[in-house]
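Engineer: Using the sequences provided together with the hints, build the complete structure.
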Amino acid sequence: MADNTIPGTLVAVEGLDGSGKSTQIHLLHQWLLGLRCKVFFSEWNSSAIVKGATRKGKKKQLLTPTTFSLIHATDFADRYERQISPMLKAGYIVLCDRYSFTAYARDGVRGCDPVWLRKLYGFAKDPDVTLYFRVPLETALGRILDGRTNLKYFEAGMDLGLSSDIYESFRLFQQMVMEHYDKLAEEFHFVIIDATRPIPVQQETIRSIISKKIDLAAYTQRLMR
Amino acid sequence: MSPKKCYENPPHGVDPSTLAGALIVIEGSDSSGRSTQVRFLSEWLEQKGYAVTQTGLTRSQLVGNAITAAKQGNILSPRTMSLFYATDFYDQMENVIIPSLRAGYIVLADRYFYTLMARDLVRGANPDWVESLYSMALVPDAVYFIMASSKNLVERTLSAHNSLDYWESGMDIGISRDWYESFVRYQKALRAEYNNLQKKYGFEMIDANRSINSVQRILRTRIESVLENLYASV
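Residue numbers (my numbering), protein chains in the order written: chain A, 1 to 225; chain B, 1 to 234.
Calculated directly from the structure, the hints in this document are not laboratory data. Computed from a predicted model, the values in this text were never measured in an experiment. Mixed in with the good hints, there may be bad ones.
Restraint ranges, calculated between C-beta atoms of paired labels, are given here [claimed, not checked]: (1) B:35 - A:187: 42 to 48 Å; (2) B:48 - A:89: 35 to 41 Å; (3) A:187 - B:102: 52 to 58 Å; (4) A:89 - B:229: 37 to 43 Å.
Partial chain A-side listing against chain B, Cβ under 10 Å, derived [stated by the list, open to error]: (5) 111; (6) 115; (7) 176; (8) 180; (9) 198; (10) 200.
Built from N, CA and C at the ideal position, the CB exists for glycine as well.
Structural biologist: Spelled out as structure tokens, the structure:
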């Protein structure tokens with residue numbers, strides 16, 4: 001939903017696990033802080049109140065595609081209504097590490113109805129800029145699997161029953177998520193970032209995109225701390 | 001026996017047409033005597049040889065405790081609360097109601113999503129959003145709404161608990177600083193929403209301003225005819 005009366009700007013990053021988007025949004029955050037911009041950062045699946053239930057559901061494998069989707073929407077709504085939306089109204093730049101598109105992609109893969117999903121998240125404003133970190137599947141898989149020995153059940157999409165081998169399941173799941181992302185990229189006009197490039201090169205591109213899209217001077221804090 | 005269906009698309013992995021049994025919903029305000037009626041109905045049905053599963057709201061393993069904890073603190077936005085309740089609802093539906101129906105049980109639901117919808121609507125939720133949220137719910141075989149006047153409700157609540165409950169009085173909405181006043185006005189607002197929902201979803205209203213036994217007799221007569229129809233073709 002576009003709302004031109006809200007003074008803040010919403011920037012979201014999306015991409016596969018291992019695409020490097022969290023690193024890039026962290027660097028963007030630091031840069032904006034350095035410029036003394038009013039900026040707020042929010043991360044997917046991080047609401048303190050909802051987290052307990054999510055963790056329990058995942059641990060005990062109680063979740064169906066529907067309840068998996070709803071519990072993440074609950075987490076999002078809590079952060080949206082208590083932080084993201086007030087921050088935007090107060091004229092902040094809000095950076096979101098994953099947004100509703102993560103739900104459209106992952107829950108879509110799990111078989112949730114796309115129309116239902118879009119209505120579920122219909123209360124949330126569309127981002128002003130969505131950066132999509134696109135990498136070849138093998139690169140993303142390599143980045144995740146290199147540093148880690150154990151994958152989690154839902155993270156690997158084991159609930160989908162794609163394969164009894166957790167690594168094979170993860171691979172198939174990520175591939176399907178990527179296909180969804182590629183379609184979403186067109187539907188929602190994502191700005192595609194080539195996430196195979198060196199970290200500082202990507203960051204330079206992102207900073208240049210953001211400076212063009214946002215009048216950063218308007219977000220500078222007037223009061224000295 | 002008419003096949004079961006959902007209001008719109010069923011949740012992923014659910015085929016309602018494969019379900020047997022019967023889903024019977026008893027709706028009604030807090031302190032309308034609803035839970036007592038459900039208990040009596042359950043005993044009666046088992047006496048008659050039907051296997052019964054009882055279900056209700058905020059009972060799921062998944063988020064039941066989280067909801068209770070969140071209510072203590074009153075720190076969640078109304079939308080977060082609605083989504084928490086919706087998660088609980090679908091968890092019960094997919095993990096209790098559907099397996100029971102598949103096994104041919106009669107599921108007696110002590111409230112269904114209509115209550116959740118009414119509470120959300122009174123708190124200003126967008127009707128289309130709430131309707132879509134619950135669009136995957138199973139359509140019950142019968143819904144009975146036990147309806148008491150708000151004056152009656154306040155008397156029953158006070159005589160049972162000696163005090164009014166914060167949430168049942170809608171104190172979170174800020175209708176009035178006075179709890180009694182807030183309770184009465186909140187219950188009236190809910191009642192107006194239930195009336196709208198009744199037109200939309202077609203539940204049968206039963207006047208609760210009479211004895212427990214006479215409400216029970218009415219319920220039994222109606223449920224008997226529902227079950228006769230369901231099992232007539234078997």
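Engineer: For each hint, tell me whether it holds in the structure or not.
Structural biologist: Hints and how they fare:
no.	hint	in the structure
1	B:35 - A:187: 42 to 48 Å	holds (47 Å)
2	B:48 - A:89: 35 to 41 Å	violated (59 Å)
3	A:187 - B:102: 52 to 58 Å	violated (37 Å)
4	A:89 - B:229: 37 to 43 Å	violated (54 Å)
5	111	holds (3 Å)
6	115	holds (8 Å)
7	176	violated (14 Å)
8	180	violated (15 Å)
9	198	violated (40 Å)
10	200	violated (39 Å)
When the structure is compared with the earlier hints, violations turn up for hints 2, 3, 4, 7, 8, 9, 10 and for no others.
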